[in-house]
Amino acid sequence: MQMTHFRIRRCVLALVLLASACSGTPQKSGETPSDTAPPSVLFGDLYTDAAKARIHPDTKTLADAVPLRAPADIVADYDRQKPMSETAMRNFFDANFRIDPPVKTVAPPEGLSLRDHIAALWPLLTRTTTAAEPGSSRLALPEPYVVPGGRFTEIYYWDSYFTMLGLGPDQAGLRRSMVNDFAYMIRTYGHVPNGSRTYYLSRSQPPFFYLMVSLLSPDDPARAWAEYLPKLKAEHDFWMTGEADAAPGAPALRVVKLADGSVLNRYYDGRDVPRDESYGEDLAVAAGSSRPKPQVYRDIRAAAESGWDFSSRWFVDGKSLTTIHTTDILPPDLNSLLYGLEKAIAAGCVVADDPACAITYAAKADARHAAINTLLWNAETGLYDDLDWKTGILQGHVTAAGLYPLFTGAADDAKAAEVASTTREHLLQQGGIVTSTINTGQQWDAPNGWAPLQWMSVTGFCRYGDAALARDIAQRWVSTVSRVYDDTGRLLEKYNVMDAVPGGGGEYALQDGFGWTNGVTLALMDTLNEPDGGSAAFTCPVVTGP
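In the working numbering, the protein residues as written are 1 to 546.
Careful, some of the hints might be misleading.
Computed list of lysine-lysine pairs in PhoX-like fashion (alpha-carbon distance at most 20 Å, straight line) [as the list claims (entries may be wrong)]:
no., residue 1, residue 2
1, 52, 257
2, 233, 364
3, 52, 293
4, 364, 257
5, 82, 52
Honestly, the hints are just simulated from the structure, not real lab data. On a predicted model such as this, the values are computed, not experimentally measured, just so you know.
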């Protein structure tokens with residue numbers, strides 16, 4: 001029976017790797033399956049039983065645990081001893097795994113300025129992981145990198161661009177190291193995973209790699225794009241995998257072809273099972289939904305790929321996570337970033353003296369620009385919007401995602417002016433730009449605001465000539481972060497910008513550290529031309545995108 005059990009486990013593992021390959025994720029040459037198997041596959045019933053029993057309050061603790069001996073031996077012992085009581089299971093897990101602590105930040109000395117405190121945080125958030133322990137979910141990376149903080153002890157994709165904004169000239173080597181880590185992941189796995197964990201390999205996150213690369217040569221970004229051109233093309237290939245097979249009404253992976261011939265992208269995930277890091281939570285959502293469980297799981301995972309996990313913009317009823325339908329949505333944020341990527345590749349090809357390549361990618365960008373401004377523009381809200389490709393209906397969402405076309409230069413000028421008006425009326429709050437106008441209790445909804453959305457808004461409005469609105473957003477955000485820092489000594493993952501206090505909501509407790517808040521706040525303080533960002537003076541940030 002034991003041999004049969006392990007044969008079954010190997011078959012399941014093979015199916016997981018096949019699903020990963022189908023999502024555009026090749027395996028590294030020479031890897032064995034266990035090198036990239038997520039914990040729920042590698043440890044089978046032990047993992048899923050422990051997650052269902054919630055032997056640790058935060059399931060990510062289980063997903064990140066490091067086995068103290070060979071995984072096969074641990075699994076064999078568990079299979080011989082089960083069923084177990086919850087206490088016995090907890091004792092078994094704790095005896096066989098090491099649980100590493102979250103990132104610890106230190107309380108600042110009294111009177112330490114916000115800017116100086118952030119400078120003191122960078123060493124605490126910097127990691128080097130050139131080898132991963134056997135059986136661990138951690139992915140090795142060749143060079144140092146910065147983590148967000150708190151429970152997030154690995155590098156995250158889109159977080160890192162905003163973190164890098166705060167790295168000064170003396171940290172240029174660290175900035176390049178992070179770019180090289182992402183280039184390594186594209187070369188190794190075929191894309192940038194959500195984060196450097198095995199359980200993130202089946203999905204990516206918003207494609208900010210081209211913008212990270214541009215930070216290496218801000219005065220001449222095309223030179224940096226030419227240097228990393230093969231990796232930029234590979235990332236574009238990942239997002240466009242299946243384009244030849246897509247047809248109206250029949251998407252292929254992340255590619256959706258519409259009846260008018262337009263091609264746009266959606267968020268997706270190569271797997272349709274509960275997330276390792278939120279196993280019990282996903283089971284509960286699927287149990288409360290009337291839709292097939294695999295589709296619910298895939299839509300949850302697709303929302304995780306978006307970075308907006310979770311938000312009313314993904315819910316059919318605008319209120320409940322059980323109605324999530326992320327894969328039905330063509331979002332303006334993703335498609336604006338892919339437009340920027342296509343423009344960056346075209347510019348890099350010019351520097352690389354490859355005119356055919358430049359023409360090809362410029363044409364792709366032009367086609368996407370037309371689709372964004374035709375199909376994703378909502379004249380009723382005066383904002384770029386999410387489109388349900390199944391129904392052809394714009395969702396009427398008033399969210400900060402509708403500002404992305406300004407950030408990447410994909411917006412028409414007249415539409416940009418309407419976006420500014422809508423923003424002033426609905427999204428601009430006491431502490432900055434609010435994520436959405438709906439309060440669902442989810443973290444990517446009102447009353448929360450997030451550092452990335454502030455930077456994207458400031459940069460976008462500057463790009464389209466509204467420096468007054470950009471300055472207003474920057475001042476409100478820096479004031480909020482400064483006030484909370486003065487009150488708590490902490491920099492937080494998110495803030496309640498309606499009341500200018502710490503944020504809340506979502507699946508886990510509020511985290512501090514915090515990579516992207518540090519980076520964006522420093523960058524916005526610089527735009528305000530004062531050491532602590534207190535001046536009314538303002539200089540628009542330099543746009544490093546195409």
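Status of the hints after comparison with the structure:
no.	hint	in the structure
1	52 with 257	violated, 39 Å
2	233 with 364	holds, 13 Å
3	52 with 293	holds, 16 Å
4	364 with 257	holds, 14 Å
5	82 with 52	holds, 15 Å
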